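Generate coordinates for the entire structure from the input sequences, incorporating the hints supplied.
Letter by letter, the sequence shown follows residues 1 to 341 of my numbering.
These are calculated hints, taken from the structure and not from any lab test.
Keep in mind that this is a model prediction, so the values were computed, not measured.
In the DSS-like style, the derived pairs of lysine-lysine whose C-alpha atoms are separated by at most 27 Å in a straight line are:
no.	residue 1	residue 2
1	K24	K143
2	K75	K28
3	K186	K75
4	K170	K207
5	K52	K207
6	K55	K215
7	K28	K52
8	K151	K24
9	K13	K52
Label pairs and their in silico Cβ distance ranges:
no.	residue 1	residue 2	range
10	S200	D17	44 to 52 Å
11	Q6	D59	23 to 31 Å
12	F82	K170	18 to 26 Å
13	T80	P22	27 to 35 Å
14	G223	E304	39 to 47 Å
15	P22	E228	43 to 51 Å
16	R135	K162	32 to 40 Å
All C-beta atoms, glycine included, are put in the ideal place defined by N, C-alpha and C.
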Amino acid sequence: MGVPSQEAINQFKALMDQVDEPLKRTFKNVHQGYIVETLERFLKAREGNVNKAHKMLVDSLQWRLQNGIDDILSKPIIPTNFYRGVRDSQLIGVSGYTREGLPVFAIGAGLSTFDKASIHYYVQSHIQINEYRDRVILPNATKKNGRYIGKCVKVLDMSGLKLSALNQIKLLTTISTVDDLNYPEKTITYYIVNVPYVFSACWKVVKPLLQERTKLKVQVLQGNGREELLKIMDYSSLPHFCKRSGSGSSSWSGSGSGSGSGSDTSDCYSLDHPFHQELYTYMKQQSGINEPLEPAKQGSVHVEVPLGEEAEIHKTLESELKKLRNQKSLSGSFQNFKIGN
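Here you go:
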């Protein structure tokens with residue numbers, strides 16, 4: 001749908017003015033001073049239906065209260081070496097910004113293994129990145145650009161897709177459901193790059209299961225997508241996997257199409273990358289924890305994921321992907337394909 005009407009926004013705002021004080025407090029962490037823009041996101045997620053959007057937002061705020069989401073940035077995954085394992089197996093990072101000031105999130109959809117920790121750590125890490133994006137990255141981008149920046153773009157690298165990743169469908173469904181229900185309309189475009197030869201067949205199965213508003217945001221680019229992505233961002237902001245000379249995971253491009261340098265091709269997934277260093281430092285500061293002198297006790301944050309309208313879609317997706325696994329004609333590779341908001 002297009003931009004929600006002013007009447008719908010006014011009705012929605014009037015309903016939110018009536019919610020209990022605890023919900024209003026957590027709502028502040030969601031809207032970050034941009035109430036109308038936040039209401040618009042939830043309205044778009046529910047096709048402009050004010051009552052459905054209101055229920056969705058209230059349910060999300062209750063989820064935040066019940067799971068301590070407002071405090072999740074003060075609960076770093078420790079010790080650092082353990083967190084490094086999470087980062088090495090859940091590949092995500094920020095490579096830079098588009099020319100319009102939107103953060104560029106790079107996601108290693110094909111090579112993430114999710115095998116270094118329990119599901120709770122990966123869900124915790126994912127939510128922490130979402131919250132850091134919404135409470136730190138986007139407000140800073142808004143201030144820097146002098147106008148509201150409330151969304152990002154995502155570049156999904158499909159290199160290394162394997163059918164064995166279907167074993168992680170529960171985790172991926174959980175993460176996707178968290179996004180669908182609590183962080184709607186935070187991504188403008190999903191750019192998919194380095195797709196394997198079986199992608200077309202898989203996409204034919206997946207595409208009908210996605211919501212129309214999500215399908216319209218997906219762009220499958222040729223090869224590593226560098227040529228198209230350079231239309232919206234500078235070379236320095238390209239994810240490292242888009243700077244390679246080929247469409248796969250082989251050699252780097254020596255000089256690239258811009259002022260290539262060692263820092264230009266740094267791995268934005270790594271815990272050593274500035275984005276992850278700043279995020280982890282921020283969380284430790286929020287928690288009051290410095291690097292412990294003694295080994296710290298590990299403990300994940302258990303977040304309950306409510307079932308919603310999207311749950312049936314994900315169940316169907318899981319069923320269809322399992323069918324793909326049993327098709328000998330598609331025995332090549334397919335791993336970790338998921339679209340979340």
